[in-house]
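Go by the hints and put chain F onto chain X.
As a plain string of letters, each chain reads:
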Amino acid sequence: MYSVELRNLTKEFSRLFRKRSVIAVEDVSLNIGKGEIFGLLGPNGAGKTTIVKMICGLIRPTRGEIFINGRKLDRNRHALTRIGAVLEGSRNSLWSMTVRQNLTYFGHLKHVHGRVLKERCDALLNLFQLEQKRDDVVRNLSKGMKQKLAIVLAFIADPDLILLDEPTLGLDVHGARLVKESIVRLARLENKTVLLTTHQLDLVEEICDRVAIIHKGRRIALDSTEKLCNDFGREYYDVKLQGRPDTVVLKDLPIFRDIEVVHADAERDEFLIRLVMDREDSLFEAIEVLRRDGTRILSMTKVEPKLEDIFVKMVDA
Amino acid sequence: MSKWWMPERIVNVIYVLYAEILREFITLRRYFIEALSGLVMVYILFMGFFFAGQGFSEHVALQAYHSADLAHRAVGFILWLFALNSVGHFSNAIRDESNIGVLEQVAMTPSGLIVDMWGRAVGRTIVDCMMIGLVLVTIIITTGISLDLPVFSVGCVFILTLLGLYGLGFFFGGLALIYKRLGSVTVVVRFGFLILTGAITPIENFPSWLQFICKTLPMTEGLKILRLLTVDGKPFFFVLKSGDFLILLVNSTLYITVGLISFMYLERIAKHKGLLGVY
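Residue numbers (the numbering used here), protein chains in the order written: chain X, 1 to 317; chain F, 1 to 279.
Calculated from the structure, these hints are not laboratory results. Just so you know, not all the hints are guaranteed correct.
Label pairs and their calculated CB-CB ranges [to be verified]: (1) X/Ser96 - F/Asp148: 38 to 44 Å; (2) F/Tyr179 - X/Glu206: 38 to 44 Å; (3) X/Lys118 - F/Glu34: 28 to 34 Å; (4) F/Tyr265 - X/Leu222: 33 to 39 Å; (5) X/Glu226 - F/Ile10: 48 to 54 Å; (6) X/Asp74 - F/Val185: 30 to 36 Å; (7) X/Glu131 - F/Ile178: 39 to 45 Å.
From the three backbone atoms N, C-alpha and C, an ideal C-beta is built for every residue, glycine too.
For reference, chain X alone in the conformation it holds in the complex (with noise of 0.2 Å):
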């Protein structure tokens, strides 16, 4: 059984005196399996977060269907008692109550009381690193702070599936580090399932089992983040040369898909090229013309394929 299964989700926003409308979801289908951390990539408009409010309820599909934990998401209240859900953009919290009042109030919404709730108050507060700030009021945190108490939030009611719509944006390092690493030890500890909607590649590739890359409302690509990047990410050296390279000797060889010369150091005039290959032993075709022109190689580092890379290819394409 799937923590998260959507079939054929379509999203179509009808406009007010206009014939046609906006699809913002199109025939999006995707399972994500307990314990896994998912990523949702796109860029701005593609319709993460309207997958992620159809997920939670709070957007009604125009078709297909949405099974959480196997259990349909249609007018079906219960389903949603075990998801916990950051979205971007907005608070979460309520920041004229202290961190102890938020997490109390959302507790009890969640139907979550008593000693269960203390308990999972402490323990969430002692793994975000928020103990101190519990009787602070929230208006007087930083924005990492508050993001933070936000996600603490999410997990209040120990749901099975937690939806981080941008968890980290706007944090700085310490604070973006802090939040990858709770919500890796939380899902990989507690066997949560986490779907991830963000635009920043790092984030995915750092922490993520699966990908899945949307636009335009649809699904152009699913699948691990380390097969996506086998299979269409694009190996590449970057060589540093003693001079500037001949490249135009280099561009006449057929086994480069592109070259691309930056001026590394002006002073000792140095030089890196970045040779984008096609095959691995095309590396030895491409040193053996620099040697015939008499460039001196001062180093080479092969550059294992990026998401980013990824993600701009399919998107453009």
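Only chain F this time, still in chain X's reference frame:
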């Protein structure tokens, strides 16, 4: 899956009510000075009405217009203060919370928006009883009026009247889920209540068509009965026998039913159009 009559479900609903009551008190404590200054302003407003009424009443032509005595006006004014909050409370909360993202979090809770709004209604009413009660006591002390307070009968009528008012509140709350900024509309309605429900002016002086409209409003019948019980000293039996209580019961039931149905329908539209988190 648990059914509505199962204890666990009832316990959960009680905790939702508890959470909302607690929230009202926390908000009251945090913004106590603001709340207190609001009360002072309300008291000054009442005294203004009182002295203005006295002044006008010296003119023979306007005596009929201001025939209601001070106690009648005090009861009308106090009930109007409750109406002020109950009619606009949901729409204001929805407007504010959709702006900060809390509305979506509340809508995602297992109990849903409707139960949460009931919690808010109960919490708000408790806080209002304390604060507006303080205004009433101050008015009684400073003006020397005396009111009967048969707890059971006044309680029944008061709760029924509030139910009708909250029915209107649910309707405006539902509209706020879609249109968000309804402040000016609810202000017009709420201040319209001051005139059209007989809170400060007797509606008997209005043209018959307007009187008919006034009598269908959720506060009018409740106010009439409360005046009979607290000022005129009529027994509850008199109110039951005259049929006034039955009219109030039917009126409030209609308002709360229509209010709840429209709220649920408008919530559905808001979810269909994706407007819950839109401000």
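List of violated hint numbers, smallest to largest:
none
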